[in-house]
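Chemist: Quick mapping for you: the protein sequence lines, in order, are chains A and B.
Residue numbers for the first sequence, in our numbering: 1 to 194.
Residue numbers for the second sequence, in our numbering: 1001 to 1176.
Read the hints as simulated data drawn from the structure, not as lab findings.
One should not assume that every hint holds.
Only pairs whose alpha carbons sit at most 20 Å apart, straight line, appear in this in silico EDC-like list of lysine to aspartate or glutamate [to be verified]:
#1 B:K1148 with A:E59
#2 B:K1148 with A:E81
#3 B:K1027 with B:E1040
#4 B:K1148 with A:E116
#5 B:K1043 with A:E59
#6 A:K60 with B:E1069
In this text the structure is predicted, and so the values were computed from the model without any measurement.
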Amino acid sequence: MVNIIWACMAIIGIFYAMINGTMDQVNEAIFESANDAVNLSIGLISVLVFWLGIMKIAEKAGILRVLSKLFRPVIVKIFPEIPKDHPAIGYILSNITANIFGLGNAATPMGIKAMEQMKELSGTDTASRSMITFLALNTSSLTIIPTTVIAIRMQYNSLSPTEIVGTTIIATTISSISALLIDRFFYYKSKWRK
Amino acid sequence: MGIITMISTWLIPCFILLVLLVASWRKIPAYELFVEGGKEGVKMAFSLLPFLVGMIVSISILRSSGALEAFINLISPILTLLGIPPDIIPLALVRPISGTAALGMTTELIETHGPDSFIGRLASTMQGSTDTTLYILTIYFGAVGIRKMGYALKVGLLADIVGIIASIVVVTIVFG
């Protein structure tokens, strides 16, 4: 899918330039934008190094663990099909806390482990109710601090690179709650049909 | 709206303060851990480089040829009626499909319109507030061998639409 989108944007652009007579601009844009992208990636290093460094300390200091204790009662409620003390709950909690701090790389392995546990519970190759709820939570993103976006805004000389943190948190909360509601709606709808 | 702006500025420094206080209290080698984590940051920035170059060049071709503008002009009458800025549409369409592609588009929007413009703020919020549904679906279901997805895709994509609308509404209210 991405392959098609990526190629099509360039193909359409070049064809359009032939008709529109904007080949000069296109030719210039190719090399200029490649250069911009490299400069940007290098500029991202500062924020990423600093943030991942701080997060490493937070992880070892047990801050993520404290947070997952706080969320535990909520998660147990959201996943009624998983027994309270099942290891799946633990993995779901680590996945969610890692996501909240924008640690995508740490969140994915935890998420896969949570899925494995949930598969053991259901024992089929059909997605279970808990799995879909878990996916709904993950696709709506739970980020509180969007590090990469802040870094990009810094690169382009934003007067206040972090001003979007507040709006991101509100939008994320709305989309996560809606994801859970949509998930519940489809679950009861499928149950009612049977 | 002052509170939201204040949270935005205070959250990060206060979080750093908390982390360092807890680390010192528990006698954890904070500096060594920082360096260790920082090394991952370098790797991450370099691993993003080819994605950003590829995506940004491709969008730049589309934009500089005039095709993107023509497309936006074509759809803008309907969208302005609904209060949706037309420039955001390509990003909204790509966000559920590919995270790195969306990041490239967000970057290009910030570069073209400026980070403190309405479009720049909206793109930033959108990038942060939803995640790549198709990627998550593929990775998680693929890893444990789930073949029947049930209503998972429907839930994910509907949640994306809500997230995108929520971003537009929230950014319009806060910065509008």
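Chemist: Could you tell me which of the hints above the structure violates, numbers in ascending order?
Modeler: Per hint list: 1, 3 and 6 violated.
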